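Chemist: Each protein sequence line maps, in turn, to chains L and F. My numbering applies: residue 1 is where the first sequence begins, and numbers increase by one. My numbering applies: residue 1 is where the second sequence begins, and numbers increase by one.
Honestly, the hints are just simulated from the structure, not real lab data. Errors might be hidden in some of the hints.
[What the hints assert, rightly or not] So the derived list for chain L, only partly shown, Cβ under 7 angstroms to chain F, looks like this:
| # | residue |
| --- | --- |
| 1 | M59 |
| 2 | N63 |
| 3 | Y66 |
| 4 | P118 |
[Claimed, not checked] In silico DSSO-like cross-links for lysine-lysine, where the CA-CA straight-line distance does not exceed 30 angstroms:
| # | chain 1 | residue 1 | chain 2 | residue 2 |
| --- | --- | --- | --- | --- |
| 5 | L | K77 | F | K257 |
| 6 | F | K458 | F | K615 |
| 7 | L | K7 | F | K260 |
| 8 | F | K175 | L | K2 |
| 9 | F | K169 | F | K144 |
| 10 | L | K77 | F | K207 |
| 11 | F | K227 | F | K268 |
| 12 | L | K27 | F | K615 |
| 13 | F | K260 | L | K2 |
| 14 | F | K268 | F | K236 |
| 15 | F | K22 | F | K169 |
| 16 | F | K253 | F | K43 |
| 17 | L | K77 | F | K14 |
| 18 | L | K69 | F | K175 |
| 19 | L | K77 | F | K260 |
| 20 | L | K19 | L | K116 |
| 21 | F | K227 | F | K144 |
| 22 | L | K116 | L | K69 |
| 23 | F | K260 | F | K274 |
| 24 | F | K260 | L | K23 |
| 25 | L | K77 | F | K236 |
| 26 | F | K207 | L | K69 |
| 27 | F | K59 | F | K207 |
| 28 | F | K236 | L | K69 |
| 29 | L | K23 | F | K257 |
| 30 | F | K260 | L | K19 |
| 31 | F | K227 | F | K347 |
| 32 | L | K69 | L | K23 |
| 33 | F | K253 | L | K19 |
| 34 | F | K227 | F | K585 |
| 35 | L | K77 | F | K253 |
| 36 | F | K544 | F | K268 |
| 37 | F | K257 | L | K19 |
| 38 | F | K59 | F | K45 |
| 39 | F | K260 | F | K36 |
| 40 | F | K22 | F | K227 |
Small disclaimer: the values here were computed from a predicted structure and weren't measured. Quick reminder that beta carbons are idealized off the backbone N, C-alpha and C, glycines included.
What follows is each chain in one-letter form.
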Amino acid sequence: MKALHHKQEICDGCRECEKACSKAYFKREDRDYSAIRITNNFNTFHAVMCTQCGECINMCTANAIYRDKNDVVRIDKELCVGCLGCVGFCTELAMHYMDDLMVPFKCIACGICVKKCPEHALVILSSQA
Amino acid sequence: MGRILKSYNYEPGKIFRGYTGKSLYINVGDLRIEEKEVTQLMKDKFIGGKGFDLYYLWKAVKPETQWNDPENEIVMSCGPLGGITQYSGTGKTLVAAISPMTDIPVDSNAGGYFGPLLKFSGWDALELQGKAEQEIVVFIDGNKGLIQIETAEGLAEDSHILAEELTRKYAEDEKDMVNVSVVSAGSAARHILYGMLNFSFYDPRRKTVRFKQAARGGLGTILLDKKIKALVVRFKGINPNLNDVADIGLINKIGVKYHKEMRDLDEKQNGMRKIGTANTILVMNKYDLLPTRNFQTGGDPEAVKISPQVFIENFLTQGIHDGCWYGCTMSCAKTADHFKLLTGPYKGECVTVDGPEYECVAGLGSNLGVFDPQAILEENFYCDTYGIDLISFATCIAFIMECYQRGQISQEDMGGLDLRFGNHEAVLELMHQMSRGEGFGPMAGLGIRKLKKVFAEKFGADPQLLQDIGMESKGLEYSEYCHKESLAQQGGFALTNKGPQHDEAWLIFMDMVNNQIPSFEEKAEALHYYPMFRTWFGLMGLCKLPWNDIVPADNHLTDIPARVPEHVQNYVDIFNGVTGMQIDKAELIRQSERVYNFQRVFNLRMGSGLRQHDKPPYRSMGPVSREEYESRQDLYDKQLREKQGLDPEKMNLDEKIAVTRKYREQQFELLTDAVYKRRGWTKQGVPTLEHLAELGMDLPEVVEVVKQYL
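Let's have the full structure, built from the sequences with the hints guiding it.
Modeler: Shown next, in the form of structure tokens:
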């Protein structure tokens, strides 16, 4: 299973990852449109992002969430009806939505942010699902 | 393959703030198809859903219209909030018609996809009038803007096969099956008066068609009387803003907040996601509320055999979404997959059984003295596929069983069926007889009100006893709660518009367990507020369960926890968010009051709706028999001492039963007085002209009816 991992001890909170993510998928630099969100807790930086746990797959009311060939959890935009159930149910708070979008969005471990991170605090790891 | 009798093309209406602005009229007799404008008056005063149903039904029928006259209509509507995907329980279809059980309007609601898909196909409501010459299927394709009436030859009778056949027929491919919904009845609905309607939706995970039901009042019987075998709608392209709402941000925000509550609280509260409404079986048993052997008692030690855990561990599929419309994270529609049938025409087949709902376990289980979960699920399956209203069936058969137990009717009278309490083989055989239209089936399918007459006239049964133990009011069978110790709930069942069901009020815990509404005035307030509040769901296309089957963590700190104030505010906000209007909690109740009073006047117009029609049978109010009194003798004796100042030691059993009855019947009359007053009605139960004017429901046709009774 491919998943994005965050090295908290290295991250300096520059948020380049957020910009890279939102730019890649929504053509804007706006963290509200980023699938990774860095939070600052007394200068310790934590990344909120999908762990690819897949808890949302079975609860999806439209059968629109699935694992792709790399076991990454994906949303089928054609099937998704935008109920936002997964947003409410995600215990990692890693499923996001914006009012101008029809479907929620999440980290799909694409690695774009990994390349942009100046501190090399992000890495895509593969493990047994 | 059906022959096309009529084809009609239309331009699907654009939905704006919850309304398409158009309704569809189909006369299946002369194959007329018309489009009607939804007027501002309809939106202002009737809102939608069952409000629109009743509006059209009133115009369609005359005071003397019978249920099987061609002019009787089946009207369906989804309501302005119906079909939004962000909040739980937003996929209801409301259905109304003149009922074969009650001869007055009945409204019933179902989940499943039909209502929202109908609206997204361009129709705020659908009227079906007339009688077809031959059996037909009505098909609406909302993407193509096409309505087709086709002959129904070669199609299966029972819903689990019929709906699957039609879903496959009208879906473009396997993936398209989720976009098709079928309304159908079943083979028994041809032979009984309490036939119901199945509303289908396709479950892509289980790869099967599933159902929810608009079960009450004989709607399936009417559908088949009109020779409509099925209605089918297809619409592809569900998205979160098909309703073109005024404030999507507000809807999204409230939706996510609610989904989080479901995630965090459901397991701690009712476990709706795990077992659904059947979670309450043992709670009801504990509080003497689980109807047992025709409501004679409120529980049985054997109830543990039909506990939620038994179904969870042995039958139900867990851990996948089980809702009946998109976005419902309450997901209470449970399913037993690969369930092997032991009787009937499908014996040996493995089927999917939806349920069991609470009413199923209590009605087909304890109330018939059946404590076998396998049998209950099999009864559940056959009720659904045959198109039998499970609640009317259960309560009616419980009545028949007690008549048999008390020697009022014989085995011979029942065509040889040994309908003893607990004999589930006989219960299932009776269902199969209903399906085939043979034996005792059609007679048992008349319902309690008509059976009381038959049993007395034909079999010499005691009319007074039948009246006391037959759990019906207005002709409709009671739903499955033993409520003798809750005066408020006696009113909650009997002082209703369509007959005794739990759709209007469920006050037992507030009243009997928590003693929060001790005075007549407090009970009357509850019997005003809750029926009005709950009517509102029916105007909107919403399910009631998400309102109070889960409550916010701090709900107990609010001023009236039973109302779940935060969730009421959610509904106000969602209404405003969809329609762009600005209502508040008080106006929400007003919206319902208008339609509620209209329905009351509709009853008057059809020759009912007066105080004399709001009477419960005594079994609803207190112990009819010696055994019933003795089963809770300590309680009843205590009440004689404390409430009436009598000494039970100095009275024999029959005297105690008699004075208890007199007292309880008086209490009910006092309650009725208080409720009518609170609702703005006369002592005879007629809405006053002042009250109608104040509500803005003094429409000329309404006033004309009311004046005859003032």
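Chemist: It remains to establish, for every hint, whether it holds in the given structure.
Modeler: Each hint, compared with the structure:
no.	hint	verdict
1	M59	holds (6 angstroms)
2	N63	holds (5 angstroms)
3	Y66	violated (11 angstroms)
4	P118	violated (33 angstroms)
5	L:K77 - F:K257	holds (23 angstroms)
6	F:K458 - F:K615	holds (25 angstroms)
7	L:K7 - F:K260	holds (28 angstroms)
8	F:K175 - L:K2	holds (28 angstroms)
9	F:K169 - F:K144	holds (16 angstroms)
10	L:K77 - F:K207	holds (21 angstroms)
11	F:K227 - F:K268	violated (48 angstroms)
12	L:K27 - F:K615	violated (67 angstroms)
13	F:K260 - L:K2	holds (27 angstroms)
14	F:K268 - F:K236	violated (37 angstroms)
15	F:K22 - F:K169	holds (27 angstroms)
16	F:K253 - F:K43	holds (26 angstroms)
17	L:K77 - F:K14	holds (23 angstroms)
18	L:K69 - F:K175	holds (21 angstroms)
19	L:K77 - F:K260	holds (22 angstroms)
20	L:K19 - L:K116	holds (9 angstroms)
21	F:K227 - F:K144	holds (26 angstroms)
22	L:K116 - L:K69	holds (25 angstroms)
23	F:K260 - F:K274	holds (16 angstroms)
24	F:K260 - L:K23	holds (29 angstroms)
25	L:K77 - F:K236	holds (14 angstroms)
26	F:K207 - L:K69	holds (23 angstroms)
27	F:K59 - F:K207	violated (42 angstroms)
28	F:K236 - L:K69	holds (28 angstroms)
29	L:K23 - F:K257	holds (28 angstroms)
30	F:K260 - L:K19	holds (28 angstroms)
31	F:K227 - F:K347	holds (28 angstroms)
32	L:K69 - L:K23	holds (25 angstroms)
33	F:K253 - L:K19	holds (24 angstroms)
34	F:K227 - F:K585	violated (43 angstroms)
35	L:K77 - F:K253	holds (21 angstroms)
36	F:K544 - F:K268	holds (20 angstroms)
37	F:K257 - L:K19	holds (27 angstroms)
38	F:K59 - F:K45	holds (15 angstroms)
39	F:K260 - F:K36	violated (41 angstroms)
40	F:K22 - F:K227	holds (25 angstroms)
Hints 3, 4, 11, 12, 14, 27, 34, 39 from the list above are not met by this structure, while the remaining hints are.
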